[in-house]
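Dock chains W and B against the given chain H, drawing on the hints supplied.
One line per chain: the protein sequences are H, W and B, in this order. Those letters in the first sequence? Residues -16 to 309, per the working numbering, in order. Those letters in the second sequence? Residues -16 to 309, per the working numbering, in order. Those letters in the third sequence? Residues -16 to 309, per the working numbering, in order.
Read the hints as simulated data drawn from the structure, not as lab findings. Do not rely on the hints blindly, as some may be mistaken.
Same chains, same names: a pair is fine if it fits in one copy or spans any two.
[To be verified] Pairs of lysine to any residue residues, derived as SDA-like cross-links and limited to a Cα-Cα distance of at most 25 Å, are as follows:
id	residue 1	residue 2
1	K305	P120
2	K305	E118
3	K305	A230
4	K305	F248
5	K305	A68
6	K305	V116
7	K305	G222
8	K305	E225
9	K305	A64
10	K305	L91
11	K305	V47
Given next are the chains, with one letter for each unit.
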Amino acid sequence: MSLRLSSSGLKDGDATSLQHIPVMADTLLRGLGQVMLQNNSYTGLLFLAGIAANSLLFAAAALVGTATSTLTAIVLGADRASVRAGMFGFNGALVAIALLYFLAPTTLTWACVILASACSTVLMTAMLTAFNVWELPVLTAPFVLTSLAFFLSVARFGRLYPTGHLPTAGLPVNAAVEGVVTGATVGEGLLTGIGQVFFQGNVVSGALFAAGLFVSSRRACAAALTGSISGLLVAWGMGAAEPAIRAGAFGFNSVLTAIALASVFFASGTTSAIYAVAGATVAPFVAAACAAALEPLGMPAMTLPFVLTTWVFLLAGRGFSKIEPA
Amino acid sequence: MSLRLSSSGLKDGDATSLQHIPVMADTLLRGLGQVMLQNNSYTGLLFLAGIAANSLLFAAAALVGTATSTLTAIVLGADRASVRAGMFGFNGALVAIALLYFLAPTTLTWACVILASACSTVLMTAMLTAFNVWELPVLTAPFVLTSLAFFLSVARFGRLYPTGHLPTAGLPVNAAVEGVVTGATVGEGLLTGIGQVFFQGNVVSGALFAAGLFVSSRRACAAALTGSISGLLVAWGMGAAEPAIRAGAFGFNSVLTAIALASVFFASGTTSAIYAVAGATVAPFVAAACAAALEPLGMPAMTLPFVLTTWVFLLAGRGFSKIEPA
Amino acid sequence: MSLRLSSSGLKDGDATSLQHIPVMADTLLRGLGQVMLQNNSYTGLLFLAGIAANSLLFAAAALVGTATSTLTAIVLGADRASVRAGMFGFNGALVAIALLYFLAPTTLTWACVILASACSTVLMTAMLTAFNVWELPVLTAPFVLTSLAFFLSVARFGRLYPTGHLPTAGLPVNAAVEGVVTGATVGEGLLTGIGQVFFQGNVVSGALFAAGLFVSSRRACAAALTGSISGLLVAWGMGAAEPAIRAGAFGFNSVLTAIALASVFFASGTTSAIYAVAGATVAPFVAAACAAALEPLGMPAMTLPFVLTTWVFLLAGRGFSKIEPA
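For reference, chain H alone in the conformation it holds in the complex (with noise of 0.2 Å):
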């Protein structure tokens, strides 16, 4: 019995046979697919690869999240085609590596995962909705919002334990130039800044997640690199810390604002390829005001850096002539 992998346009038929286990296979590989906004199990199995390829433990958290967010979805009586597309796969998978990643995996940090990944199932229900009147895509906001929401409430309750990853609270200060940028630096940072979109600062991962891209969108794969280095370099003029942008720390917000300007959300072409270097450029600023805005809480700021400087891009190129619609 073979997986009905596929990268083209889903059957009607396919809608309708959830239940059958290839067809929710194919669904939930199009879930991790959607991380990075592609409809395409092939590229959710090179996601899954990469991740595999990085920690054995990050890759179950995966199928587990996209698992149980997509069942809550169907449970709960979801739009099918967007449950079929994979729409309610990608917030959960970020989820449960996410707290995989911030939280020590005791049995109740289990729990949690079923319970976030259930949950952000419902936040991406009702930021669907209420972004109805905008005609906007919420992204992976419910992703961030709802992972937030279980670190922050490590400071109350006394049976979750952070690892090492969480940051501690501290005010924000100055920085200081710190460490030398040298090729090394560039050529990891490039790889790692794709991988930090699943939380995986591996070059090997970058490159599967780069060949995911690859094999759905060429466009989406030159975004996503042009991206990483757009905000590597950003980073490294401003002065960021040499091993944050070896890490990718700076690369990923870029990677996918750049995937989501150039190749989905608005007309291939010049304009487009100009607008979203100059998003993959600004990230990096946005991606360093929201670390240090969230240092006082101890929290890391994933993805929303993408998230608004995304929705800021696609609301402001409604209002500009020059940039097509896709």
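Showing chains W and B alone in chain H's frame:
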């Protein structure tokens, strides 16, 4: 002269005769009832009794606040039917209690009570207009935002003095399990969870509030009790501090969320009951998160978690075919 | 070749000839005038003179910022009539002054001034689209948000250096009354309150700004003076620090709120005048609250209190039958 108390629908004549004392009294009591979403003056009277059972100061504040915000609405020409249903009273009532709970009761504080209650009506009207595009209720958001504005100004205005109830600003740290939850914790917490809706961590107040709900809607009363126990159990399971659980700190947002979801905004039935329990289960996480997020400002979250959770579940409900609108 | 200054309405021909230097100069001056909601190039010229009276650096920044944000709008194809009315100039002007007020004027800071002014146009256009559902003006929100993003990045970008004007991050504490308010405090504060709209705590600047308003609208000028004195008196009564009152820190948000409510967005008359004084009275509380809320981030509130207060009073005004639209 008896108060024209009524639990039934409003007559047309009432809306045009707010200047009569009995009608005004009935309107104010409905305003108190609306704190728990009940358009019922008997309920409001029992709520007032419940507050007075704990503190005459807060009962006086509740009346002053309700009267001020309602009169502001009448003077500025807000929608009469809404005024008559107590929709411009509940935020004023809560603002007034909150200001006297967190600020020392000087003459200047009482002046601020008047100003803040009036402001709550302006903010209520603004939010009603803004939320009209989603047909979403504003709930107690005007109370929370108005109160926060006045509490935050303590850091700039030297003539406002906080009481010991206002948290000290600090950076959030990981919680440790504190104290042992016993039968007494659960018994008290069940009722204080209802009492805390009006800032009254008192079992007698909680019982009288429950009675007030019972008079208006048995389903609302059952939802409140179920919500309170749900919030308490989740907080206990997650390792929240016993004194906070006993005081109802993790109950009141679940109480309000359960009332809203199970008995007001969705069709009565098993599905909405399950959905309401889900909301009441999530609310303690949102409450913990909001409390932690406001810790660097030294601010209380009040009913913000209820507002956020209920908005999300209401909006999401429209996108789920299994959830029926009221 | 004289500047085609005009205080009257725009002619059709103007909107299609932005490439002509006199038209462009007139557009930029209108952009400066729009900082206080005046579509009038004489007003803009007096504002520029007021800035130059205090600092040639800030006058240069204002021109660079206005030009950059306006040109960005033209290049991207924003609505021509709006561009011509200066609607894409005022946020750029303020962003540029703010960046040079709070960051050391290095070459990189000047590059950020250009980038941030261009970003203010993207954010302005995005907010115009988003706020269209409420037909609500975005006011100076794009300036505030863009500036905050750049100031916050100082905590991550080692090549940006704050000046002494940027607050140090700290936890808010209860204020104590500080200093004694005298006639000089009130006299200076009245004018610095107007001057601070452009970050110029200078009485001569404030007087020239008031003159600029007078040229465009006597009602706006009266509103500004009334707003300034209202904000000052409320802050004094509440026990704000004397140096802050003298410097106009509690005046400028009330100035802008009063201009907006009394002379721009509602029908001229006694009711809107009273409503504007109410707004100007509330603004210092919102200003104190915003300043305290931003204290853990070490960020200035700038005109955020004006924006929030005016949004609330504008939206609320539509729900009050006693308040007439313009």
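Verification of the hints:
no.: 1; hint: K305 x P120; verdict: both (21 Å within a copy, 24 Å between copies)
no.: 2; hint: K305 x E118; verdict: both (20 Å within a copy, 24 Å between copies)
no.: 3; hint: K305 x A230; verdict: neither (36 Å within a copy, 44 Å between copies)
no.: 4; hint: K305 x F248; verdict: within (14 Å within a copy, 31 Å between copies)
no.: 5; hint: K305 x A68; verdict: between (31 Å within a copy, 20 Å between copies)
no.: 6; hint: K305 x V116; verdict: both (23 Å within a copy, 23 Å between copies)
no.: 7; hint: K305 x G222; verdict: neither (33 Å within a copy, 52 Å between copies)
no.: 8; hint: K305 x E225; verdict: neither (37 Å within a copy, 51 Å between copies)
no.: 9; hint: K305 x A64; verdict: between (32 Å within a copy, 16 Å between copies)
no.: 10; hint: K305 x L91; verdict: neither (52 Å within a copy, 29 Å between copies)
no.: 11; hint: K305 x V47; verdict: between (43 Å within a copy, 23 Å between copies)
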